[in-house]
Structures are given as structure tokens and as C-alpha cells.
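With chain A held as given, fit chain B onto it using these hints.
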Amino acid sequence: MPSITASYRDICKLLRRRVGLKKLLRHLTMMGIGAEAAGDELKLEVAHNRPDLLSPEGVARVLKGFLGIEIGLPCYEPSASGVTVEVDRSVKPIRPSIAAGVVTNVKLTDEIVASLMQVQEKLHASLCRNRRRGSIGVYDLDTIEPPVRYTTTLPDGIRFVPLEFDRELTPAQILREHPKGIEYGSITQGWSRYPLLIDSRGVVLSIPPIINSESTRVTSKTKRLFIDVTGEDERVANQSLTILMTGLAERGFELQSVTVKYPRRRVRTPDLRPRRHRLNARNANEFIGINLKPRGIAKIAERMRYGIADIWGDILTLLAPPYRSDLMHEVDIVEDIAIGYGYDQLEPTLPKVVTTGERTSIERFSERARRVLTGLGFMEAMTYTLTNPRTNFELMRARGEAVEIANPVSEEYTIIRNSLLPCLLSVLRANRRNPLPQRVFEVSDVAVLDEGAETGARNVRRAAASVIGEGAGFTYIKAVAEALLRELGISHEVRPMEHPSFLEGRAAEFVSDGKSLGIAGEIHPEVILGFELEHPVAMFEFDLR
Amino acid sequence: MKTLDIRTIIDGLTLHERKVLLSIQQLDGKAGVTDIAQRAGVDQATVMRAALALTQHGLAGMREEKFSRAGLTQEGLEYAREGLPERRMLVALASCGPELVYEVAVRAALKGKLVQIALAWLTRKGWAEFQKRQGKTVLTITEQGGTAISQKFADEALLERLASRVHRVDEISADLRGALNTLVERKLVKTEEEARRELKLTEFGNQALALGVELVEEVSELTHELLVSGRWRGVRLRRYDVVAPGAPVHPGKVHPQQQIIDELREILLEMGFVEIGSNFVESEFWNFDALFQAQDHPAREIHDSLSLSKPERTKLPSLALVRRVAAAHERGVAGSKGWGYKFNVDVSRRPVLCSQTTAATVRYLASHPEPPVKVFCIDRVYRHEKIDYKHLAEFYQAEGIVMDPKLTLRDMLGYLKQVMVKLGLPKVRFRPGYFPYTEPSVEADVYFPEKGEWLEVLGAGMFRPELLRPLGIRYPVLAWGIGFSRLAMIRLGIEDIRDLFNNDLEWLHTWRMV
Numbered sequence: 001m002p003s004i005t006a007s008y009r010d011i012c013k014l015l016r017r018r019v020g021l022k023k024l025l026r027h028l029t030m031m032g033i034g035a036e037a038a039g040d041e042l043k044l045e046v047a048h049n050r051p052d053l054l055s056p057e058g059v060a061r062v063l064k065g066f067l068g069i070e071i072g073l074p075c076y077e078p079s080a081s082g083v084t085v086e087v088d089r090s091v092k093p094i095r096p097s098i099a100a101g102v103v104t105n106v107k108l109t110d111e112i113v114a115s116l117m118q119v120q121e122k123l124h125a126s127l128c129r130n131r132r133r134g135s136i137g138v139y140d141l142d143t144i145e146p147p148v149r150y151t152t153t154l155p156d157g158i159r160f161v162p163l164e165f166d167r168e169l170t171p172a173q174i175l176r177e178h179p180k181g182i183e184y185g186s187i188t189q190g191w192s193r194y195p196l197l198i199d200s201r202g203v204v205l206s207i208p209p210i211i212n213s214e215s216t217r218v219t220s221k222t223k224r225l226f227i228d229v230t231g232e233d234e235r236v237a238n239q240s241l242t243i244l245m246t247g248l249a250e251r252g253f254e255l256q257s258v259t260v261k262y263p264r265r266r267v268r269t270p271d272l273r274p275r276r277h278r279l280n281a282r283n284a285n286e287f288i289g290i291n292l293k294p295r296g297i298a299k300i301a302e303r304m305r306y307g308i309a310d311i312w313g314d315i316l317t318l319l320a321p322p323y324r325s326d327l328m329h330e331v332d333i334v335e336d337i338a339i340g341y342g343y344d345q346l347e348p349t350l351p352k353v354v355t356t357g358e359r360t361s362i363e364r365f366s367e368r369a370r371r372v373l374t375g376l377g378f379m380e381a382m383t384y385t386l387t388n389p390r391t392n393f394e395l396m397r398a399r400g401e402a403v404e405i406a407n408p409v410s411e412e413y414t415i416i417r418n419s420l421l422p423c424l425l426s427v428l429r430a431n432r433r434n435p436l437p438q439r440v441f442e443v444s445d446v447a448v449l450d451e452g453a454e455t456g457a458r459n460v461r462r463a464a465a466s467v468i469g470e471g472a473g474f475t476y477i478k479a480v481a482e483a484l485l486r487e488l489g490i491s492h493e494v495r496p497m498e499h500p501s502f503l504e505g506r507a508a509e510f511v512s513d514g515k516s517l518g519i520a521g522e523i524h525p526e527v528i529l530g531f532e533l534e535h536p537v538a539m540f541e542f543d544l545r
Numbered sequence: 001m002k003t004l005d006i007r008t009i010i011d012g013l014t015l016h017e018r019k020v021l022l023s024i025q026q027l028d029g030k031a032g033v034t035d036i037a038q039r040a041g042v043d044q045a046t047v048m049r050a051a052l053a054l055t056q057h058g059l060a061g062m063r064e065e066k067f068s069r070a071g072l073t074q075e076g077l078e079y080a081r082e083g084l085p086e087r088r089m090l091v092a093l094a095s096c097g098p099e100l101v102y103e104v105a106v107r108a109a110l111k112g113k114l115v116q117i118a119l120a121w122l123t124r125k126g127w128a129e130f131q132k133r134q135g136k137t138v139l140t141i142t143e144q145g146g147t148a149i150s151q152k153f154a155d156e157a158l159l160e161r162l163a164s165r166v167h168r169v170d171e172i173s174a175d176l177r178g179a180l181n182t183l184v185e186r187k188l189v190k191t192e193e194e195a196r197r198e199l200k201l202t203e204f205g206n207q208a209l210a211l212g213v214e215l216v217e218e219v220s221e222l223t224h225e226l227l228v229s230g231r232w233r234g235v236r237l238r239r240y241d242v243v244a245p246g247a248p249v250h251p252g253k254v255h256p257q258q259q260i261i262d263e264l265r266e267i268l269l270e271m272g273f274v275e276i277g278s279n280f281v282e283s284e285f286w287n288f289d290a291l292f293q294a295q296d297h298p299a300r301e302i303h304d305s306l307s308l309s310k311p312e313r314t315k316l317p318s319l320a321l322v323r324r325v326a327a328a329h330e331r332g333v334a335g336s337k338g339w340g341y342k343f344n345v346d347v348s349r350r351p352v353l354c355s356q357t358t359a360a361t362v363r364y365l366a367s368h369p370e371p372p373v374k375v376f377c378i379d380r381v382y383r384h385e386k387i388d389y390k391h392l393a394e395f396y397q398a399e400g401i402v403m404d405p406k407l408t409l410r411d412m413l414g415y416l417k418q419v420m421v422k423l424g425l426p427k428v429r430f431r432p433g434y435f436p437y438t439e440p441s442v443e444a445d446v447y448f449p450e451k452g453e454w455l456e457v458l459g460a461g462m463f464r465p466e467l468l469r470p471l472g473i474r475y476p477v478l479a480w481g482i483g484f485s486r487l488a489m490i491r492l493g494i495e496d497i498r499d500l501f502n503n504d505l506e507w508l509h510t511w512r513m514v
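Chains as they are written, first to last, in our numbering: chain A, 1 to 545; chain B, 1 to 514.
A couple of the hints might just be wrong.
Unchecked claim - Lysine to any residue pairs mimicking SDA-like chemistry, simulated, CA-CA at most 25 angstroms apart:
#: 1; chain 1: A; residue 1: Lys-23; chain 2: A; residue 2: Glu-250
#: 2; chain 1: B; residue 1: Lys-337; chain 2: A; residue 2: Ile-315
#: 3; chain 1: A; residue 1: Lys-221; chain 2: A; residue 2: Leu-163
#: 4; chain 1: A; residue 1: Lys-122; chain 2: B; residue 2: His-297
#: 5; chain 1: B; residue 1: Lys-406; chain 2: A; residue 2: Tyr-341
#: 6; chain 1: A; residue 1: Lys-92; chain 2: B; residue 2: Gly-483
#: 7; chain 1: B; residue 1: Lys-422; chain 2: A; residue 2: Leu-346
#: 8; chain 1: B; residue 1: Lys-342; chain 2: A; residue 2: His-329
#: 9; chain 1: A; residue 1: Lys-221; chain 2: A; residue 2: Pro-389
#: 10; chain 1: B; residue 1: Lys-342; chain 2: B; residue 2: Arg-331
#: 11; chain 1: A; residue 1: Lys-22; chain 2: A; residue 2: Phe-365
#: 12; chain 1: B; residue 1: Lys-310; chain 2: A; residue 2: Leu-346
#: 13; chain 1: A; residue 1: Lys-221; chain 2: A; residue 2: Ile-198
#: 14; chain 1: B; residue 1: Lys-390; chain 2: B; residue 2: Arg-331
#: 15; chain 1: B; residue 1: Lys-451; chain 2: A; residue 2: Glu-36
#: 16; chain 1: B; residue 1: Lys-113; chain 2: B; residue 2: Ala-92
#: 17; chain 1: B; residue 1: Lys-310; chain 2: A; residue 2: Leu-449
#: 18; chain 1: B; residue 1: Lys-337; chain 2: A; residue 2: Asp-233
#: 19; chain 1: B; residue 1: Lys-253; chain 2: A; residue 2: Phe-365
#: 20; chain 1: A; residue 1: Lys-352; chain 2: B; residue 2: Arg-265
#: 21; chain 1: B; residue 1: Lys-253; chain 2: A; residue 2: Ala-430
#: 22; chain 1: A; residue 1: Lys-221; chain 2: A; residue 2: Gly-202
#: 23; chain 1: B; residue 1: Lys-422; chain 2: B; residue 2: Asp-445
#: 24; chain 1: B; residue 1: Lys-310; chain 2: A; residue 2: Glu-411
#: 25; chain 1: B; residue 1: Lys-386; chain 2: A; residue 2: Pro-389
#: 26; chain 1: A; residue 1: Lys-22; chain 2: B; residue 2: Glu-453
#: 27; chain 1: B; residue 1: Lys-406; chain 2: B; residue 2: Tyr-389
#: 28; chain 1: B; residue 1: Lys-342; chain 2: A; residue 2: Asn-130
#: 29; chain 1: A; residue 1: Lys-352; chain 2: B; residue 2: Glu-263
#: 30; chain 1: B; residue 1: Lys-253; chain 2: A; residue 2: Ala-37
#: 31; chain 1: B; residue 1: Lys-390; chain 2: A; residue 2: Ala-37
#: 32; chain 1: A; residue 1: Lys-221; chain 2: A; residue 2: Glu-250
#: 33; chain 1: B; residue 1: Lys-253; chain 2: A; residue 2: Glu-36
#: 34; chain 1: B; residue 1: Lys-310; chain 2: A; residue 2: Asp-314
#: 35; chain 1: A; residue 1: Lys-261; chain 2: A; residue 2: Ser-200
#: 36; chain 1: B; residue 1: Lys-337; chain 2: A; residue 2: Leu-449
Unchecked claim - Reference listing, derived: stretches of chain A covered by chain B, where coverage requires no fewer than 3 residues with Cβ under 8 angstroms from a Cβ of chain B:
#: 37; segment: 29-43
#: 38; segment: 375-383
#: 39; segment: 428-436
FYI, nobody ran anything at the bench for these hints, they're computed from the structure. All figures in this text were calculated on a predicted structure; none of them were measured in a lab. For each residue, glycine too, the CB sits at the ideal point set by N, CA and C.
Next up, chain A with everything else stripped away, as it sits in the complex (with noise of 0.2 angstroms):
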């Protein structure tokens, strides 16, 4: 989960409010929010699906409904700053969509400025997927002359002073020595084309999405904000403008809006206004098990930051606030229902609903396997199923294919096992210094290529067990085998059989009803001494069905 940190003396000041600090991870808990304190740093566990949530802004404005400091809609009417944002045709195969804003009134300290940049931060990790399908950029409006243009350049096109450097730079220079172009010029990858965001007098705001210009850079006197959002998907940079402005307006600052002409059209961004949704008070109350009047309902909606526009018998009509972009369903407003209505508020039941518990058969059949192999004196192991060829199949003397890891984390685990007996091999490796006799098994799941299997794959259950030392002769094995078989009522025969893992002349494979079941027999000594072991071993292998 996405984390953020805040001050809890911030988010006093943002609640206009001195709240206990327990009572107050209390209910950060109790909204869903996972919350830990060190001194003033809180460290703040966010939900994927809202990112509303990753300023502490927009923290505080979910805690002021939940407390009761400021219920309802939160409103926002942005008046007109007049500014326009111009696109140019050449962004289309790129980078197509831009929305932007302006902030007035602003006044930064330090603790706003660190929150800006950590929402940016967080909003372009998470719903712009590392600023793939969106970028933001923040400037002093104050140092840019609108119009503004959204336009394209060559890779040589222009020439500026990125952020943090002291000379300028082309866009291609700035894609090869400036750390933020060298993180983030994969985007770019295959444009012969670069985003361009430049004022009337030809100053370079941005090449989004790499780096803004050193000239129009915010600092501490800056008085107006200019923001814009661009992105492959409009709807991204709605999201992400609407989320960072309405932050900002909980500081108490102005919104105002911004004209984006496109060259077929024209949208005045942010568009901030409310999404009107529907909820039935029954559905409300059969999904959560409660039993609450329409207006009862209604209440909880407000505290979580809803609007009323109507109730009509059951039908609520709600206005969510703009930035409530993981609203997909009425579930959604459900589980706001619950939360506002207090997971703690809710007593556990447990209808009787009348089914008879059954457990697979093969479960079945592997709890008998455990139940004759312990019985026999041996020691269940268990074992990972991710391994390597070489020890599936070169330590094993074996060739053969198994299902392969496109991307390994490590070369120790490359693919899925084919066979428990190398990792019981392995097992025993790991107990060389243990005293002999060894006998150790494993009732667990290979996975075998099968092209006609729906995944190309199924998994087999198998049973194995082997001994090492004094008495781990074919005699033994087979007796062994035997009597697992015999308990599990598997009548069979035996025939001799070679295999590479096994000493010639000393396997035998088991079958039934025609089918092979598996082989017992004596390990070859190059085996043996493949996985360092020193005495004789002895092992058998089966299909459980």
C-alpha cells in the first residue's frame, strides 16, 4: 500500500482542531487508514484505489467529516484566471492531453511545500504509473507570460536551464545527463518528437514528462501557482490536477481555472464540479446488516463527505466530491456507509447457511499416505517446488523439460520441480551431519508440462520417501513401497526397470492397472555423490490418484 508522512501538528493546524494523538490514529484506523506516530512524523498507509488520500491535506479533509469539524460536500467554484493553454496538433501521437489550473493566494511555508512535492511524488507513482500516463508540473505563474503553448521540439530544438542545473541544456542533453532524464527517458523512448510547454515569450516552463526549467521554478515568495497535468489519458490528468488543486484549497487558497484550447475544441480545467450518484438505502443496509432510515443514511453519507441532493423514498441522490475518483459502483458508497458507520459499530453474525464439509480426495488419500509413511518411522519433509535444472535433472543423471520462470529472481530458482526425489536428495544434503539411519518423505504436488492441460501444466500429487544408511537397500525400499501401497489399497505388480537416477539392475516400477505408479529402488553413486552424500540411499517415488 502506498505509504505518506505527515505532521500531527499539521494536521491539527489542517483540522483547525487539537485532536489526542491516540484518538487520532484511532480513527485513521477506523477510516481504512493504517497510521503509525514517531514524535510529529505520522507515517500514513493509504488504500490503492484513493489516491485523495496520499497529501495530508486531503487526510485532514476525510478526518474533518469523521470527526464532525466540517461535514457534507466540499465545494469548489473556481472562478476564471483568464489563462489559456494552447495545443498544439504535434502532441497528438505523444503525449495528447494536458489539463491545468492556477492558485492564488498562496502562501508556502516549508511543511507546504514538502507536502506538494511529496503528493506529486506519490501521484505520479501511483495513478500516473511512474509519469507514464501523466506528469505534473507546479510553477510561479508570476514568472510566466500566457498564453501558454503545449507544443512539441526536436530533440536540438531549444535550448534551457532545467531545475537544479546552472547551464542549458537541449532536450536531448537533458535526457542523457540530468538524473530525472536518465530516469525517466524511457517514456520518451521512440519519440522523434518532445513535449513542450513554453509562454508567449518563447520561456520554457517544462518538457514534460522529464523536467521543468530552473526560470519558472516555485519558491517561498511565490504568490501564484500555475499547474498543469499532462498525460496519454485525459481522464489521468483530470484525476491528478483535481486531486493536487483541491488539496491545495484546503490550505486556503484560491482555485482558479484554466481555458486548454485544443485544436478542435476547448475545456476549461479543472472541472471540479460534483458526481452525482445514486444509492439505495435498502441495498445499504441488506449489504452491511443494519438497519437504518434513508435519512439515517444520509447522515453517515455527509460525515464521509458526501452531498445530499435528494432522497426520494429509498433512492438517495449523493454529490461525491470531485476527487473521488474510485467511485465505480454503489458498493463503493456502501463500504463508505459501513466505514462511516464504524466497523467497530458492527456486531458479528453467523447465519446458518447448511452446507456439509468435504475435503478433496487427494487430501484424503495424502493424509492416509502421511498417516503409513510416519507410521513406518519417517520424518515428513516439505520442501520449496521452485528449484534449478541442475539439481531436477543434471545432479539427477535425468534430462526433461518442467515449467520454466520467465523472469527468476535468482538462478537457485528457475523453474517448478518435476519430481520430489532431488528435493528429498536435497534434504538430505542438509542433514549430512546428522546421525544415520535417515529416513525422511514427502507427500506434495510436482507440476508436469501437458499441452493438452488448460494451463499447459497440472499438478501431480506424489508421495517419496527415502533412506539413507545402514539397511537403505533395494529390499527395504520395496518393502516400504509396498506397504504404502498395500494400506492404500492399490493392488499392483512389479517389473524391473533402468533409470539414470537409479543403480542398474536394482529399480523396479510399480504399476496398476497398466499405469505406472512410480519406482523404488537404490540411487546411483554418482547421484549419491552429486548431492555430497557419502552413504548408500534408497527411495521410491509415486503418483497418488
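Quick look at chain B alone, frame taken from chain A:
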């Protein structure tokens, strides 16, 4: 000491210990080991072993005396039989008068080295001397030699005495000491240090004997032969020191992690859940798409699953189902807005290592759309993780779903609570949570008395309509998952998650079966 204790001690004595004890009594309560051995009819080592036990029980005391013993060497034995060489030479000389040395030697029947020894001692003892007569050197008897003929000297007397038996040096009278030294010097006698051990009954030993110590044949093991012959009645089975620690034996056991799985499975079966299994290899369709996880959603990256190069492709279910799922993603269903992106079927076909057992439960729902449904799955899932003390790349997940027309969020809390109550962890508290495919979602903290802490081990939620509707389900379905590894670690009291797959036999031996 009480009589009862004495009796216990007596009963604990072995046959040999008894024999030795009785022998000491017969030898007037005090005797050397050799004598006891003779009397008891056992060897000395046996007596010593018994003596050790008897002194430990306080029945007898042992005294050890060190002394040296003198005995004849091979040469000494010979001289004792034949007489000292100088004596033999003297006797011969007395009978033949002054004569050449070899003549005397022939008469005395002495040869080689013995002649030299005889001559050396004849002169040293002053019994004979060499004289020149008619240009020849002859041996003549001295006056002293003449008187010596009829005398027996101390060295000869001692030689004779020692020939009859070995003597303790302190038994040899002071006047013979000089002779002893001479004989030792002549290597005719050797002395050896010896220890004599003497056993003496203690007061307690006498008490024990007064109570009666019987001699019964004692055996250590009851055998087939003893049983069938009936001889077991006549023998005494040796009492064991039953308190003494012995070599441990260990049963074959089910692996600790498997034991926790079994325990949980049992609980869920009792609650009426039907068990299902999952597959290691799953399609992205079932692992993600069918769970309404957008193909470009960060949650899909968060899972960071292991994708596969073999097999290359999976088969998709019916086209109609794929279309419904795609529509739910692109445009939404059941009043939902959907994700609003272009669904790609090729992504759906990609195989992955199953990253959540929900893939299995949703598969089940797709083929069982009618209520009631209560199923659970405990199986392995995979994550793109480097293995360390906190992370595993494969681990068990336990998950269940319930479908019924009238299920509520409160019912879901009820199910979660019941599972925990059955696991013996009745203190549960709930708070809102987030999972990509459930709404509302809940997380539960459970109080673990063994840790004295509230820990998050449960997550649950009602499946979103966007997940259910494409599967043809119109009823509420609640889904819950248990942080199985965490639960198992606490249950087993382990700190390192890798120990869930620990196969060290010594470690496994020490685990009590849960």
C-alpha cells in the same frame, strides 16, 4: 537408615555383589581381594567391580595397602635349584685341591659365563685365590673358603626361601636385607610394587547381612528361553536404574507446517466448507482478469508475479465468459463504470505462477453459480520475492468464500470471528481494509496471548459485482483470507519465515506434534 531403604539396596545388588558381601562375612568381616575372589569363586576383577558398588552403597569399606614383593628371576630359580655357581666351584675345589681353573670348572660342571660368575664371586667372597705353581696359574682354596664349605650364608638361605614362595619385602628379617640387596644386584631376585586391597564390612553392611542376603541367579534380560522353560521363576531379574537417562528415540512425524495446515483444514471442514485445490500454473485470466484486476492496474504490478516461459500459453475459457469479463473491465457491468481501458486477450492467455488462491475459488464460483457455496483452499502461491527471514517466494495461503442470497458484512465478520475462535484466538477486532476485488473490505487484528500483541492475520471482503456478474452470479459472495504463514509462525513460535520449510532432522525431532 530405615530398614526399608536397606532392603531396597539389598534387592538392588547383583549376584556377584551378593557373593562378595557374603564372602567378606565368612572371612570374618575383613579380607583381601584375592582371598575374597577365592572364596566367592570369581575372578579378582569381578570382586573389584562388586567392591565398588558395595562401597558406594556404604555396605563395605575398602582399604588399599601398597607394598613390594620379592621373587626369584629365572636365573635365581636355577641357582636355587643347583646352588650358587661360586658354591659349586668351591665344593669342586675342596675335593680336588689347587688346580687349573678349567679343570675345576669341569668338576663343578660349570660352563661358559657361569665360570666367569663363579670366579668373580669366589674372589669377591674371598673363598679362593689364584697362585702360580710350576709356571701355571692355579685356583687354590683360602682359609675362609675352607670354613665356608660347611656354612650356609644369608644370600643362599634367602634364595632358598624365595624359591619356595614370593615374599613381601617387609616380611624379610633385617639380617637378610643385605643379602636381598646383593641378590637384587645380581639380578637373581626382583622386587615388584604391589597393592593389596582389603574389604571390610561396615556397620551398615552388617545390618544388611543381618536382614539376610540371599544368593539367587540373576539375569539382565527376560528371554524366550526363560519364559518357556519356566526358569524365570528361579532367577532374579536385575533391577535397573530406571532414573538413568538413555538414548532417545523419535517418532516419524508430520511436518510442523503441515500440522498447522491440517488443523486449519479440520476447522474449516467442521464449519461446513468444501475443500478445493489450486494449480501452480495459472492463466492471467483466472489469476487477475477474472478478479477484476485491470491489466495495467498497479495492484497487478504489486503482486509482482512470476511469469513463465514454459508453458508459453494457456487456453482461455469460453469466449462468452472472456467477453463478459473484458466488458466488465472496459465499460463496467451491473451499474459500474469499469476501468475504461482496452482489454487485451493476449495478456489473459499468459501463464503465471498462481499468486493468489482466489484464482481457484473464483474458478469454482464460475462453475458453481448457485447458492449455497462454501469452499476453501489451502495451497501454495508464488511471489516475485527474494527469500530471506521475512519473505518466501512460495508460501501457503488459506482462503475461503461463502455465497448465499442474504449475506451481510456483519455475517462476514461472524465467519472470521468463528474461525479465530476455533483456532483458540477469540479476541478479534475489525477495521476497514482494501483489496482490489472486494468492496467493502475488512482487515482483522487478532490478539495472540503468546505474543501479547494484536497482529493483522485476516483480510476479507465482499466480491465486487464487476467480478461476480461476468461469472453469472447475482448473490453476495464473501471472501476471506488468512495470513497463513504469520499464523503458523506464531503457532510454532518461530521468528524466521524460512523455518516453515525447515527440514533439519534434529529440529524436527524436537517439535512436539501440535
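Status of the hints after comparison with the structure:
Annotation: proposed proximity of Lys-23 (chain A) to Glu-250 (chain A) holds, straight-line Cα distance about 22 angstroms (limit 25 angstroms). The hinted pair formed by Lys-337 (chain B) and Ile-315 (chain A) meets the criterion: a straight-line CA distance of about 19 angstroms does not exceed 25 angstroms. Taking the CA atoms of Lys-221 (chain A) and Leu-163 (chain A), the gap is near 17 angstroms; set against the 25 angstroms cutoff, the hint holds. Simply put, Lys-122 (chain A) and His-297 (chain B) have alpha-carbon atoms about 15 angstroms apart, close enough for the 25 angstroms limit, and the pair holds.
A threshold of 25 angstroms between alpha carbons decides the hint, and for Lys-406 (chain B) with Tyr-341 (chain A) the separation of about 20 angstroms falls inside it, so the pair holds. For the given pair, Lys-92 (chain A) sits about 47 angstroms from Gly-483 (chain B) by alpha-carbon distance, which is inconsistent with the 25 angstroms threshold. Annotation: proposed proximity of Lys-422 (chain B) to Leu-346 (chain A) holds, straight-line Cα distance about 21 angstroms (limit 25 angstroms). Proximity of Lys-342 (chain B) to His-329 (chain A) is assessed by CA-CA distance (about 20 angstroms); at most 25 angstroms being required, the pair is judged to hold.
About 63 angstroms separates the Cα atoms of Lys-221 (chain A) and Pro-389 (chain A), which puts this hinted pair outside 25 angstroms; it is violated. Straight-line distance between C-alpha atoms of Lys-342 (chain B) and Arg-331 (chain B) comes to about 9 angstroms, which keeps the hinted pair within the 25 angstroms bound. Proximity of Lys-22 (chain A) to Phe-365 (chain A) is assessed by CA-CA distance (about 52 angstroms); at most 25 angstroms being required, the pair is judged violated. For the suggested pair Lys-310 (chain B) and Leu-346 (chain A), the alpha carbons sit about 48 angstroms apart, so the restraint of at most 25 angstroms is broken.
For the hint linking Lys-221 (chain A) to Ile-198 (chain A), the alpha-carbon distance of about 22 angstroms falls within 25 angstroms, and the restraint holds. Taking the CA atoms of Lys-390 (chain B) and Arg-331 (chain B), the gap is about 40 angstroms. The hint is violated against a cut of 25 angstroms. Note on Lys-451 (chain B) and Glu-36 (chain A): the hinted pairing holds, with a Cα-Cα distance of about 20 angstroms set against a maximum of 25 angstroms. Taking the CA atoms of Lys-113 (chain B) and Ala-92 (chain B), the gap is near 17 angstroms; set against the 25 angstroms cutoff, the hint holds.
For the hint pairing Lys-310 (chain B) with Leu-449 (chain A), the CA-to-CA distance comes to about 8 angstroms; that is within 25 angstroms, so the pair holds. At most 25 angstroms may separate the alpha-carbon atoms for a hinted pair to count; Lys-337 (chain B) and Asp-233 (chain A) meet this at roughly 16 angstroms. At roughly 17 angstroms between alpha-carbon atoms, Lys-253 (chain B) and Phe-365 (chain A) fall within 25 angstroms of each other, so this suggested pair holds. Distance check on the hinted pair: Lys-352 (chain A) and Arg-265 (chain B) sit about 20 angstroms apart at the alpha-carbon level, within 25 angstroms; holds.
Taking the CA atoms of Lys-253 (chain B) and Ala-430 (chain A), the gap is about 18 angstroms. The hint holds against a cut of 25 angstroms. At roughly 23 angstroms between alpha-carbon atoms, Lys-221 (chain A) and Gly-202 (chain A) fall within 25 angstroms of each other, so this suggested pair holds. Of the supplied pair hints, the one linking Lys-422 (chain B) and Asp-445 (chain B) holds, its CA atoms being roughly 16 angstroms apart against a limit of 25 angstroms. Restraint check: the Cα-Cα separation between Lys-310 (chain B) and Glu-411 (chain A) comes to about 16 angstroms, which is no more than 25 angstroms; the hinted pair holds.
Distance check on the hinted pair: Lys-386 (chain B) and Pro-389 (chain A) sit about 19 angstroms apart at the alpha-carbon level, within 25 angstroms; holds. Restraint check for Lys-22 (chain A) and Glu-453 (chain B): the C-alpha separation of about 17 angstroms stays at or below 25 angstroms, so the hint holds. A distance of roughly 43 angstroms separates the Cα atoms of Lys-406 (chain B) and Tyr-389 (chain B); the hinted pair therefore is violated under the 25 angstroms criterion. For the hint linking Lys-342 (chain B) to Asn-130 (chain A), the alpha-carbon distance of about 20 angstroms falls within 25 angstroms, and the restraint holds.
Restraint check for Lys-352 (chain A) and Glu-263 (chain B): satisfied, since their Cα atoms lie roughly 23 angstroms apart, inside the 25 angstroms limit. Restraint check: the Cα-Cα separation between Lys-253 (chain B) and Ala-37 (chain A) comes to about 45 angstroms, which exceeds 25 angstroms; the hinted pair is violated. Annotation: proposed proximity of Lys-390 (chain B) to Ala-37 (chain A) holds, straight-line Cα distance about 23 angstroms (limit 25 angstroms). Taking the CA atoms of Lys-221 (chain A) and Glu-250 (chain A), the gap is near 20 angstroms; set against the 25 angstroms cutoff, the hint holds.
Restraint check for Lys-253 (chain B) and Glu-36 (chain A): the C-alpha separation of about 42 angstroms exceeds 25 angstroms, so the hint is violated. About 54 angstroms separates the Cα atoms of Lys-310 (chain B) and Asp-314 (chain A), which puts this hinted pair outside 25 angstroms; it is violated. Of the pairs offered as hints, the one joining Lys-261 (chain A) and Ser-200 (chain A) holds, with about 15 angstroms between alpha carbons and a cut-off of 25 angstroms not exceeded. A C-alpha spacing of about 39 angstroms is found between Lys-337 (chain B) and Leu-449 (chain A), which places the hinted pair above 25 angstroms, so the restraint is violated.
Closer than 8 angstroms: that is the beta-carbon criterion, and the segment 29-43 of chain A has 4 residues meeting it against chain B, so the requirement of 3 holds. Counting residues of the segment 375-383 of chain A whose C-beta sits closer than 8 angstroms to any C-beta of chain B gives 9, which meets the bar of three, so the coverage hint holds. With 3 residues bearing a CB less than 8 angstroms from a CB of chain B, the segment 428-436 of chain A meets the requirement of three and the coverage assertion stands.
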